[in-house]
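Visitor: With the sequences and hints as input, model every part of the structure.
Protein chains in written order, with the working numbering: chain W, 1 to 114; chain X, 1 to 156.
The reader is advised that the hints may include incorrect statements.
[Said to hold, decoys possible] Quick list of simulated restraints, FRET-style, between CB atoms: (1) X:Glu128 / W:Glu55: 47 to 53 Å; (2) X:Glu128 / W:Leu69: 41 to 47 Å; (3) X:Lys56 / W:Ser60: 52 to 58 Å.
[As the list claims (entries may be wrong)] Which stretches of chain W does chain X cover? Using the computed rule of at least three CB atoms under 8 Å from a CB of chain X, they are: (4) 10-18; (5) 48-56.
For the record, the hints were derived by calculation from the structure and aren't laboratory data. Backbone N, C-alpha and C define an ideal beta-carbon position, used for all residues, glycine too.
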Amino acid sequence: VRFLTGAGQYTDDVTLANQTYAYFLRSPHAHARLRKVDTRRAKAAPGVLAVFTGEDLPASVGGLPCGWLITGTDGKPMKEPKHPLLAQGKCATSATRWRWSSPRRPCRPRMRPS
Amino acid sequence: MKLSVSLTVNGKPVSAEIESRTLLVDFLRDRLRLTGTHVGCDTAQCGACTVLIDGKAVKSCNVLAIQARDRKVTTIEGVATNGTLHPMQAAFKQHHGLQCGFCTPGMVMSAIGLAAENKSPTEAQIREALDGNFCRCTGYHNIVTAVKAGLETMES
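Guide: Okay, structure coming up:
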């Protein structure tokens, strides 16, 4: 009933004191080679706490785990490609550079409570 | 530019100073804290932000708050009366017309908007009326059943 009356609490509905927001900049092109990410202007923008790219993640972080691993008929673990948490090398853009444009509403898509 | 806006939201008069660019959905969610109206796509495709303006279903992510000046806005929080579900909400409950619930407010508001235009639509007409509301759980079958039942209850 809470979903029917608008009383659900989805992540975007949460408001906490000193809340910070994350904005995910996504590639307009699938599986493109990532040549360069220039975060200088983003980092310099007012109110920006931090900018993370795939290169900021230490190798120890690993990738997104598969929630339901299965094994092959020979008992070996299933083969899966790497799933980096943030784009590394690929999957960003086919353009020669990543141009940061200030999102219209930097707070909208996803957020993480402080 | 700051503008003053007065409108009626869920039967209550509301007045506020807003930036002229404020979208109706942001006004509802961020200023009035009516977070039942969702933002799924921000580009008028998904319909999760559907509200009624003077009884007509509109996507509030593509309406400026100032455009709702002196109008009557109804959100999902405003359709139940004194704890009694609106017939359309009751029908969604009875027919399991929701799974994760994210699209539900928009579906319900679109369905109530449809009732004002066509009291007894065919299933095809219901599907057409909801073609601007996406359910990523893909629960359309039960949604259409619920809308049909809800419209019938509203008629009687």
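Visitor: Taking each numbered hint in turn, which are not upheld by the structure, reported in ascending numerical order?
Guide: 5
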